[in-house]
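Top line first, the protein sequences correspond to chains A and B. Under numbering that gives the first Met the number 0, think of the first position of the first sequence as 0, with each following residue one higher. Under numbering that gives the first Met the number 0, think of the first position of the second sequence as 0, with each following residue one higher.
By construction, these hints were calculated from the structure, which means they are not laboratory data. Backbone N, C-alpha and C fix where the C-beta goes; we use that ideal spot for every residue, glycine too. Please note that a few of the clues may not be correct.
As a list, the in silico SDA-like pairs of lysine to any residue whose alpha-carbon atoms are at most 20 Å apart [said to hold, decoys possible]:
| hint | chain 1 | residue 1 | chain 2 | residue 2 |
| --- | --- | --- | --- | --- |
| 1 | B | K128 | A | A23 |
| 2 | B | K128 | A | L139 |
| 3 | B | K196 | B | G181 |
| 4 | B | K73 | B | N108 |
| 5 | B | K134 | A | G194 |
| 6 | B | K57 | B | V18 |
| 7 | A | K125 | A | I71 |
| 8 | B | K128 | A | R10 |
| 9 | B | K128 | A | R20 |
| 10 | B | K70 | A | I71 |
| 11 | B | K99 | A | I197 |
| 12 | B | K126 | A | I71 |
| 13 | B | K57 | A | N19 |
| 14 | B | K219 | B | G181 |
| 15 | B | K99 | A | G194 |
| 16 | B | K99 | A | R20 |
One-sided excerpt, in silico: chain B residues whose CB lies under 8 Å from chain A [said to hold, decoys possible]:
| hint | residue |
| --- | --- |
| 17 | T51 |
| 18 | H71 |
| 19 | K73 |
| 20 | N87 |
| 21 | Y89 |
| 22 | L100 |
| 23 | G106 |
| 24 | G109 |
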Amino acid sequence: MNREMIFALLRKDLGLYFSNRFFAFITVLGLVFYAGMYFVMPDELDETVEMAIYADELPPILDTEMEDSGIILREMVSAEALKAAVASGEQEVGVVLPEGFARNVAAGQQETVQIYFSSAFPEEFKELYATFFREIGFMLTGQPLTIDVEEQILGEDRAGEQIPYRDRMLPLFAVLILMMETMGLASLVSSEISGGTIEALLVTPLRVEGLFTAKAVFGVGLAFVQAAFLVAVTGALDEQPLLILLLLLLGSVLVTGVAFLIASVASDMMSVMGWGIVGVLVMSLPAFSVLVPGLTTEWVKVIPTYYLVDGVYRVVNHGAGWADMSQNLLALLLFSVVFLVLGIVVLRRRFQ
Amino acid sequence: MANPAIVSENLTYHYGDLVAVDHISFEVAEGEILGFLGPNGAGKSTAVKMLTGQLVPKEGRAELLGKDVTKHTKELQAQIGVCFELTNLYEPMTAADNLKLFARLFGVNGFDADALLERVGLGGKGKVKVETFSKGMRQRLMVARALINRPRILFLDEPTDGLDPVSSETIRNIVREEQARGTTVFLTTHDMVEADKLSDRVAFINHGRIVALDTPHALKQQYGTRSLKAEVVGSDGRLETREVVLDEPETAVRVAELFAGEQVITVHSEEATLEDIFIEITGRGLVG
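Make the full structure from the sequences, and use the hints.
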C-alpha cells in the first residue's frame, strides 16, 4: 500500500470535510457545546433535601431528626406562603403543622399534618414523608419505636461523595461526539459515490484497499481526536489515560464502521442525516442507562456502544483498571471489527 | 495488426438478463484514434469500463499494451488516462488541487498543474474552485486530469457532449496533439461529426454488438452514395434542384447535359454522413 497515496487522500478528505460549512460548524460547535455543558453543570451532588414548613411553634425533636435524615427545614411565614412556594415549584415539599401540634400530640390528641407536594414530586417518595411524621408523632407522645435499624452499604459507600451528573453524562457526550463524526464521514463517502469521484480515483494506481484504508484512518482519526479532546479538557484523563484512550479508539473504529454502513444506503446529505439520527438514537441509549440506573435492562448490552459507555463511566468515576475492563475491551474490539468489516463489504458492493 | 495498443476478444457483459456488450472483438493500433459510435444505451460505456479495468468481463478478454486488463489492472491503469462521460471532479476544491491530487496518486514527480491548465485553456484558473466553473471549463479540466500521467492510451467518453464550439475545438486539438505524441485514443461518442473529424477508424456499436468497423472514408464508400447537387433556374424562373449520382458509368454524360441544358446557379458535391450510414446499417439514429 502506497503511503504517499494515503496521505494525498487524507489531505483531500480533511479539506473537503472542513469545506462543508455544516460539518465544520457542528464539529467545532459540538466540542465547545459538550465541553461547555460539562463545566456549566455542578461538580458536586447535593445530598440534602429542602422542606418548607409552617408551624406556630416548631417541635425541638423535629430539628434533631431532620439533621440525621439530611432534610433541611425552611420555615415559612404562613400556611398560604408555603402553599404558594410549593405551587410555584420553588419548594418541592411543604408541611403545615396545626396550631399547638406538639402539645396536643403529647396530650394524646389526634392531629392532622398537611403535606403539600409539587406536581413534579416523585410518587414513590411521598409515602416516606407521611411515615416520617407518623414516627415524629410517636416520639412526641413519649413512645419511641422499639426497633433500631442498622444500615450497611455493600460495595463502595459513596455517601457524601455521589457522582455528579456531569460525570455521569461524560460518556454520553463522548458517544454523541463520535456519532456526529459518523454523519460527517458518511456524507463525505456518500458524496464520493454519488458524484462519481470514487470511479475517477479507482482508475488510477490506487487500489480499493488503499481507498478504504484512507477513509478508515480519516474517520477513526477525526472521531478519536475530538473524543480525546473532550475527555482531556474535562480532566477525565487524569487517571488511567491509556485505558480511556484505548476505549475511545475502539469506539472510533466502531462508529467508522457505522459511517460506512450509512454511506452504503444514503444517497445524499439529507438521507445521511436521516440514517445518522437513527444511529445516534440507538447508539446513545446505553448512555442513558448510566445516567439513570435502572432505566434499561440487560438488553442494552446488545448495543455495541454499551461497552464504551460503561467502560468510560467506570474508569472515570469508579477507578476501574485494565483487569476490570478486559471484557469491555474484548467486546468493543469484536463489535468494532465486525462493524468495520461489514461496512466495508456493504459499501464496496454499492460502488462496484 | 502488429503490437496493437488495445485488443478486445469476444468481450461480453450483462447486467442480469440485460446484455450490455455482446461478444465484441476489435483491435486498435498504437497511435490510432478509434471512434466508438453508438446511440445511448448501445453498450459504449460498459465496453470502456471493461477496457479500463472498472468492470470484469463476463466473457472474453481485454488487453491493453499487450497485457490482460483483469490480471494487470493497476499496472495498466497507471499508463492510461480516462475522461468520464459524467463530470466527476471535486467541486469544493480548486482546479489545481484537483489535478495535484491525481498527480500524487499517479506518482508524477514535479507535476506542473498550471502548465497543464494552460494547455487546456484554463490558464490562470488554478486557484478557482471547480464549483464556479462552467460546463465547458469542467470538461476541459476533466480532459486535463486524464492527461496528468502522460497516458499511452487515452479513453475519452463523450468529451465534447453539450459543449460550446470553442470548448469542443480546444478538446479536439488536444486529442490531435496527443495522437501526434503517439498516444492511442479510444473516443466514445454519439457525435458523428466529431468522430468523422478525429477518428482514423470508427466502430459502430448497436445493442451491444459491433455492426461495422472501418475508416470513415471506407464506410462512406461502402455504404454511402456520392452525388452532385445543382441549383438551376427552372422554366418559370424559380430555383430548382437537380441531383446527379456520382460513381456511375453515365455520370460524366449527365453532368455535361446538366451544364449544357440548364442555367446552373450553384453546384455542391455531397456524400453520406456517418449518421446516414449508421441508420442504413442499424435502422436507428445515433441520438436517442
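Structure-based check of each hint:
no.: 1; hint: K128(B) / A23(A); verdict: holds (18 Å)
no.: 2; hint: K128(B) / L139(A); verdict: violated (85 Å)
no.: 3; hint: K196(B) / G181(B); verdict: holds (18 Å)
no.: 4; hint: K73(B) / N108(B); verdict: holds (19 Å)
no.: 5; hint: K134(B) / G194(A); verdict: holds (15 Å)
no.: 6; hint: K57(B) / V18(B); verdict: holds (10 Å)
no.: 7; hint: K125(A) / I71(A); verdict: holds (17 Å)
no.: 8; hint: K128(B) / R10(A); verdict: holds (17 Å)
no.: 9; hint: K128(B) / R20(A); verdict: holds (15 Å)
no.: 10; hint: K70(B) / I71(A); verdict: violated (82 Å)
no.: 11; hint: K99(B) / I197(A); verdict: holds (16 Å)
no.: 12; hint: K126(B) / I71(A); verdict: violated (69 Å)
no.: 13; hint: K57(B) / N19(A); verdict: violated (40 Å)
no.: 14; hint: K219(B) / G181(B); verdict: violated (27 Å)
no.: 15; hint: K99(B) / G194(A); verdict: holds (19 Å)
no.: 16; hint: K99(B) / R20(A); verdict: violated (23 Å)
no.: 17; hint: T51; verdict: holds (6 Å)
no.: 18; hint: H71; verdict: violated (12 Å)
no.: 19; hint: K73; verdict: holds (5 Å)
no.: 20; hint: N87; verdict: holds (3 Å)
no.: 21; hint: Y89; verdict: holds (6 Å)
no.: 22; hint: L100; verdict: holds (5 Å)
no.: 23; hint: G106; verdict: holds (7 Å)
no.: 24; hint: G109; verdict: violated (14 Å)
When the structure is compared with the earlier hints, violations turn up for hints 2, 10, 12, 13, 14, 16, 18 and 24 and for no others.
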